[in-house]
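Since the structure of chain A is already known, use the hints to place chain B on it.
There are 2 protein chains.
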Amino acid sequence: MKKSIAIDMDQVLADFYSKLRVTYNENFGTNFTDEEFLRTTQRDLPREDAKKLFDLLNEPDYFRDLKVLDEDAIEVIQDLQEHYEIFIATAAMDVPGSFTAKYEWLMEHLPFIKTQNIVFCGNKAVIHTDYLIDDSPRQLTAFKGTGILYSMPYNRSEEGFMRVHNWKEIKEYFIKQMEIV
Amino acid sequence: MKKSIAIDMDQVLADFYSKLRVTYNENFGTNFTDEEFLRTTQRDLPREDAKKLFDLLNEPDYFRDLKVLDEDAIEVIQDLQEHYEIFIATAAMDVPGSFTAKYEWLMEHLPFIKTQNIVFCGNKAVIHTDYLIDDSPRQLTAFKGTGILYSMPYNRSEEGFMRVHNWKEIKEYFIKQMEIV
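Quick note, the sequences are listed as chains A and B, same order. If you use our numbering, the first sequence corresponds to residues 228 to 408, in order. If you use our numbering, the second sequence corresponds to residues 228 to 408, in order.
Looking at chain A on its own, in the form it has when it is part of the complex (with noise of 0.2 Å):
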């Protein structure tokens, strides 16, 4: 049979990040570079604003034209297919006006992708893939199998996963592992 692996979207296939700067800089004054905004996800806005950021992000349209974060994730999405069942799993539960435009999304850049295997979700503890690639330490820490965490500047610090870069080392990770079996 063959082994499983689940990709997140965020920041993994979708550039959310470049986008949600924009949202910050047009919403809450700040001036921020997108260097600047991706050292951290702790931002601790006040509570009126957490709000007006939810409405925002909850926004039937607000994730259907993120760009893709990595141009080679599709390609070697579409060659891990021939060896792997490939899932998406994202915690769309999270900002649950972002359903349908998460699915569309994926319907555009993977449409190759089974709906099947597609997964909303939120804590990835209930996804049962031998391998989960995200960008959140928290995630891959709630997860069963084999976490492999997509380097960000904001997760740089944690150790104790597999880190990637980018998409053509998840395909040289893949490659290496199915030598090994």
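Calculated from the structure, these hints are not laboratory results. None of these values were measured; they are calculated from a predicted model. Any given hint could turn out to be false.
Repeated chains share a single entry, so a pair holds when one copy, or any two copies, can fit it.
Pairs of lysine-lysine residues, derived as DSS-like cross-links and limited to a Cα-Cα distance of at most 25 Å, are as follows [unchecked claim]:
#1 Lys246 <-> Lys395
#2 Lys278 <-> Lys341
#3 Lys341 <-> Lys279
Using the frame of chain A, we list chain B on its own:
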């Protein structure tokens, strides 16, 4: 650590088939009684009607006003939540238009469920919990943990699964599991 239970929605929590029967009778010239309709899930519609049915189910509100299948479910799940980690796992990917309605249905009828524990998926092989309660033998076979078949006339001939007929029985089953532990 608490053991975990994933619970299907349609025909376990929500009475989907009563509404589906009316949809059939109103659109496809049938005259099914409830009893007749529940005998089988095999209803080979001509391609055009199948498309029409999908479009009707895919309307944003179709799944919003389904009745609770067994009123005991709410109280039993609330009780079980003290001893088990409860997840809701529904094959929403079959009908992507249903995402918001299904989410809102859960918020209305099971507001005590953590949103982080809601999963919209397709194939339930991807669900990592100790138990899954589902009316679908196909999903229970794909699932890797202990499957519990929610009995329906259309699955009456399926053997090899632990079978429950209502939520009182589910409660009794899990009370017994706790005594065994």
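Verification of the hints:
When the C-alpha separation of Lys246 and Lys395 is checked against a cutoff of 25 Å, the pair qualifies only within one copy, where the shortest distance is 24 Å, while the shortest distance between copies is 49 Å. Taking the closest pair of Cα atoms, Lys278 and Lys341 come within 25 Å of each other only across two copies (19 Å); inside a single copy the shortest separation is 35 Å, beyond that limit. With identical chains, the CA atoms of Lys341 and Lys279 are at most 25 Å apart between copies only, with a shortest distance of 22 Å across copies and 35 Å within one.
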